[in-house]
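Asks: Sequence:
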Amino acid sequence: MNLFFLVVLLTVLLQRLLELELARRNAAYIRERGGYEVGAEHYKYIVALHGAFFVSLLAEVGWAQRPLAAHWYVPFAIFLLAQAGRYWCISSLGRFWNTRIMILPAAPRVSRGPYRYLRHPNYLIVGVELLTLPLTFSAYLTALVFTLGNLWLLLKVRIPQEEQGLAQLAKNRSPQSGDD
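Numbering-wise (my numbering), the sequence shown opens with residue 907 and increments by one.
Because the hints were derived from the structure by calculation, they are not lab data. Possibly wrong hints are sitting among the right ones.
[Claimed, not checked] Label-pair distances were calculated between CB atoms; the ranges are:
hint	residue 1	residue 2	range
1	934	969	32 to 42 Å
2	1025	1078	12 to 22 Å
3	987	965	23 to 33 Å
4	954	934	39 to 49 Å
5	948	1018	22 to 32 Å
6	971	946	20 to 30 Å
7	1065	987	18 to 28 Å
Backbone N, C-alpha and C fix where the C-beta goes; we use that ideal spot for every residue, glycine too.
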(Lines of atoms letter the chains of each structure in order from A and count residues from 1; the text may use other names and numbers.)
(Lines give C-alpha, C1' and ligand atoms only; values in the text may rest on other atoms or scores of the structure.)
Protein backbone atom coordinates (compact mmCIF):
# COMPACT_ATOMS: atom_id res chain seq x y z
CA MET A 1 0.00 0.00 0.00
CA ASN A 2 1.25 3.47 -0.91
CA LEU A 3 2.79 5.34 2.05
CA PHE A 4 1.51 8.69 0.73
CA PHE A 5 -2.02 7.26 0.65
CA LEU A 6 -1.74 5.94 4.21
CA VAL A 7 -0.44 9.26 5.54
CA VAL A 8 -3.20 11.21 3.79
CA LEU A 9 -5.91 8.76 4.87
CA LEU A 10 -4.79 8.73 8.51
CA THR A 11 -4.44 12.52 8.54
CA VAL A 12 -7.96 13.01 7.17
CA LEU A 13 -9.39 10.43 9.58
CA LEU A 14 -7.71 12.18 12.52
CA GLN A 15 -8.98 15.52 11.25
CA ARG A 16 -12.54 14.17 11.09
CA LEU A 17 -12.33 12.66 14.58
CA LEU A 18 -11.11 15.97 16.00
CA GLU A 19 -13.94 17.76 14.17
CA LEU A 20 -16.48 15.36 15.68
CA GLU A 21 -15.16 16.26 19.13
CA LEU A 22 -15.40 19.96 18.27
CA ALA A 23 -18.96 19.40 17.06
CA ARG A 24 -19.84 17.58 20.29
CA ARG A 25 -18.51 20.48 22.40
CA ASN A 26 -20.26 23.05 20.22
CA ALA A 27 -23.55 21.13 20.45
CA ALA A 28 -23.26 21.12 24.25
CA TYR A 29 -22.58 24.88 24.18
CA ILE A 30 -25.68 25.47 22.02
CA ARG A 31 -27.89 23.20 24.14
CA GLU A 32 -26.75 24.95 27.33
CA ARG A 33 -28.07 28.19 25.84
CA GLY A 34 -31.47 26.80 24.87
CA GLY A 35 -30.59 25.46 21.44
CA TYR A 36 -31.85 22.26 19.92
CA GLU A 37 -31.15 19.84 17.10
CA VAL A 38 -33.21 19.57 13.91
CA GLY A 39 -33.20 16.47 11.72
CA ALA A 40 -31.50 14.20 14.23
CA GLU A 41 -33.12 11.16 12.61
CA HIS A 42 -31.01 11.50 9.44
CA TYR A 43 -27.67 12.12 11.17
CA LYS A 44 -26.92 8.38 11.33
CA TYR A 45 -27.07 8.28 7.52
CA ILE A 46 -24.57 11.13 7.25
CA VAL A 47 -22.22 9.27 9.62
CA ALA A 48 -22.75 5.99 7.74
CA LEU A 49 -22.03 7.64 4.39
CA HIS A 50 -18.80 9.19 5.60
CA GLY A 51 -17.69 6.03 7.39
CA ALA A 52 -18.40 3.95 4.30
CA PHE A 53 -16.49 6.50 2.23
CA PHE A 54 -13.29 5.80 4.17
CA VAL A 55 -13.82 2.03 4.00
CA SER A 56 -14.46 2.24 0.25
CA LEU A 57 -11.44 4.47 -0.29
CA LEU A 58 -9.25 2.06 1.68
CA ALA A 59 -10.63 -0.92 -0.26
CA GLU A 60 -10.35 0.64 -3.68
CA VAL A 61 -6.92 2.19 -3.19
CA GLY A 62 -5.29 -0.09 -0.65
CA TRP A 63 -6.56 -3.55 -1.36
CA ALA A 64 -7.08 -3.07 -5.11
CA GLN A 65 -3.61 -1.47 -5.31
CA ARG A 66 -4.70 1.60 -7.24
CA PRO A 67 -1.83 3.85 -8.34
CA LEU A 68 -1.69 7.59 -7.92
CA ALA A 69 -3.62 9.28 -10.71
CA ALA A 70 -1.47 10.45 -13.62
CA HIS A 71 -1.99 14.09 -12.67
CA TRP A 72 -2.70 13.36 -9.00
CA TYR A 73 -1.49 16.78 -7.89
CA VAL A 74 -4.48 18.52 -9.56
CA PRO A 75 -7.27 16.83 -7.54
CA PHE A 76 -5.01 16.81 -4.47
CA ALA A 77 -4.40 20.57 -4.75
CA ILE A 78 -8.17 21.09 -5.03
CA PHE A 79 -8.64 18.84 -2.00
CA LEU A 80 -6.12 20.95 -0.03
CA LEU A 81 -7.91 24.14 -1.08
CA ALA A 82 -11.13 22.56 0.15
CA GLN A 83 -9.44 22.02 3.53
CA ALA A 84 -8.70 25.73 3.70
CA GLY A 85 -12.36 26.37 2.84
CA ARG A 86 -13.47 23.91 5.52
CA TYR A 87 -11.51 25.78 8.18
CA TRP A 88 -12.79 29.09 6.87
CA CYS A 89 -16.31 27.75 7.47
CA ILE A 90 -15.42 26.42 10.92
CA SER A 91 -13.78 29.66 12.00
CA SER A 92 -16.59 31.78 10.55
CA LEU A 93 -19.24 29.85 12.46
CA GLY A 94 -17.16 29.58 15.63
CA ARG A 95 -19.15 27.94 18.44
CA PHE A 96 -22.05 27.42 16.00
CA TRP A 97 -20.18 25.08 13.63
CA ASN A 98 -21.45 21.54 13.84
CA THR A 99 -21.87 18.29 11.97
CA ARG A 100 -25.45 18.26 13.23
CA ILE A 101 -28.15 20.81 12.50
CA MET A 102 -28.15 22.83 15.70
CA ILE A 103 -30.38 25.87 16.14
CA LEU A 104 -29.99 28.50 18.82
CA PRO A 105 -33.12 30.67 18.75
CA ALA A 106 -31.45 33.79 20.16
CA ALA A 107 -28.48 33.70 17.78
CA PRO A 108 -28.35 35.85 14.65
CA ARG A 109 -27.75 34.19 11.30
CA VAL A 110 -24.03 34.02 10.47
CA SER A 111 -23.24 36.04 7.36
CA ARG A 112 -19.47 36.40 7.52
CA GLY A 113 -16.72 34.46 5.83
CA PRO A 114 -17.94 32.13 3.08
CA TYR A 115 -21.50 32.45 4.43
CA ARG A 116 -21.48 35.96 3.01
CA TYR A 117 -21.39 34.42 -0.48
CA LEU A 118 -23.05 31.00 -0.18
CA ARG A 119 -25.86 29.68 1.98
CA HIS A 120 -24.24 26.26 2.49
CA PRO A 121 -20.51 26.54 1.70
CA ASN A 122 -19.48 23.66 3.94
CA TYR A 123 -21.74 21.27 2.00
CA LEU A 124 -20.10 22.34 -1.25
CA ILE A 125 -16.68 21.79 0.29
CA VAL A 126 -17.57 18.30 1.52
CA GLY A 127 -18.75 17.44 -1.99
CA VAL A 128 -15.46 18.64 -3.42
CA GLU A 129 -13.56 16.55 -0.86
CA LEU A 130 -15.57 13.40 -1.59
CA LEU A 131 -14.75 13.84 -5.27
CA THR A 132 -11.13 14.97 -5.23
CA LEU A 133 -9.58 12.76 -2.53
CA PRO A 134 -10.51 9.51 -4.33
CA LEU A 135 -9.53 10.98 -7.71
CA THR A 136 -6.06 11.67 -6.32
CA PHE A 137 -5.59 7.93 -5.86
CA SER A 138 -7.48 6.68 -8.97
CA ALA A 139 -10.44 5.52 -6.85
CA TYR A 140 -13.02 6.39 -9.49
CA LEU A 141 -15.83 4.21 -8.15
CA THR A 142 -15.51 5.71 -4.65
CA ALA A 143 -15.48 9.22 -6.14
CA LEU A 144 -18.62 8.57 -8.17
CA VAL A 145 -20.67 6.65 -5.59
CA PHE A 146 -19.97 8.88 -2.61
CA THR A 147 -20.13 12.20 -4.42
CA LEU A 148 -23.55 11.28 -5.82
CA GLY A 149 -24.70 9.70 -2.55
CA ASN A 150 -23.70 12.78 -0.59
CA LEU A 151 -25.37 15.06 -3.13
CA TRP A 152 -28.61 13.11 -2.90
CA LEU A 153 -28.53 13.07 0.91
CA LEU A 154 -27.85 16.82 1.03
CA LEU A 155 -30.42 17.88 -1.56
CA LYS A 156 -33.22 15.50 -0.60
CA VAL A 157 -32.80 15.28 3.18
CA ARG A 158 -30.24 17.47 4.95
CA ILE A 159 -30.67 20.89 3.35
CA PRO A 160 -34.49 20.71 3.29
CA GLN A 161 -34.53 19.82 7.00
CA GLU A 162 -32.08 22.60 7.80
CA GLU A 163 -34.07 25.13 5.80
CA GLN A 164 -37.31 23.95 7.41
CA GLY A 165 -35.79 24.37 10.88
CA LEU A 166 -34.54 27.87 10.04
CA ALA A 167 -37.90 28.82 8.48
CA GLN A 168 -39.72 27.63 11.60
CA LEU A 169 -37.33 29.67 13.73
CA ALA A 170 -37.94 32.77 11.60
CA LYS A 171 -41.70 32.21 11.80
CA ASN A 172 -41.51 31.93 15.60
CA ARG A 173 -39.47 35.14 15.76
CA SER A 174 -41.81 37.20 13.59
CA PRO A 175 -44.52 39.17 15.40
CA GLN A 176 -47.97 37.63 15.17
CA SER A 177 -50.48 39.80 13.38
CA GLY A 178 -53.40 40.94 15.50
CA ASP A 179 -51.66 40.44 18.84
CA ASP A 180 -51.53 44.16 19.70
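Asks: Run every hint past the structure and note whether it holds.
Replies: Results of checking the hints against the structure:
1. 934 to 969: 32 to 42 Å: Holds - the Cβ-Cβ distance for residue 934 and residue 969, about 38 Å, lies within 32 to 42 Å.
2. 1025 to 1078: 12 to 22 Å: 20 Å, holds
3. 987 to 965: 23 to 33 Å: Because 26 Å falls inside the window, the suggested range holds.
4. 954 to 934: 39 to 49 Å: Given about 23 Å between the Cβ atoms, the range is violated.
5. 948 to 1018: 22 to 32 Å: 27 Å, holds
6. 971 to 946: 20 to 30 Å: Check failed, 40 Å falls outside 20 to 30 Å.
7. 1065 to 987: 18 to 28 Å: Given a distance of about 23 Å, which is inside 18 to 28 Å, the answer is holds.
Hint check: violations occur at hints 4, 6; the rest are consistent with the structure.
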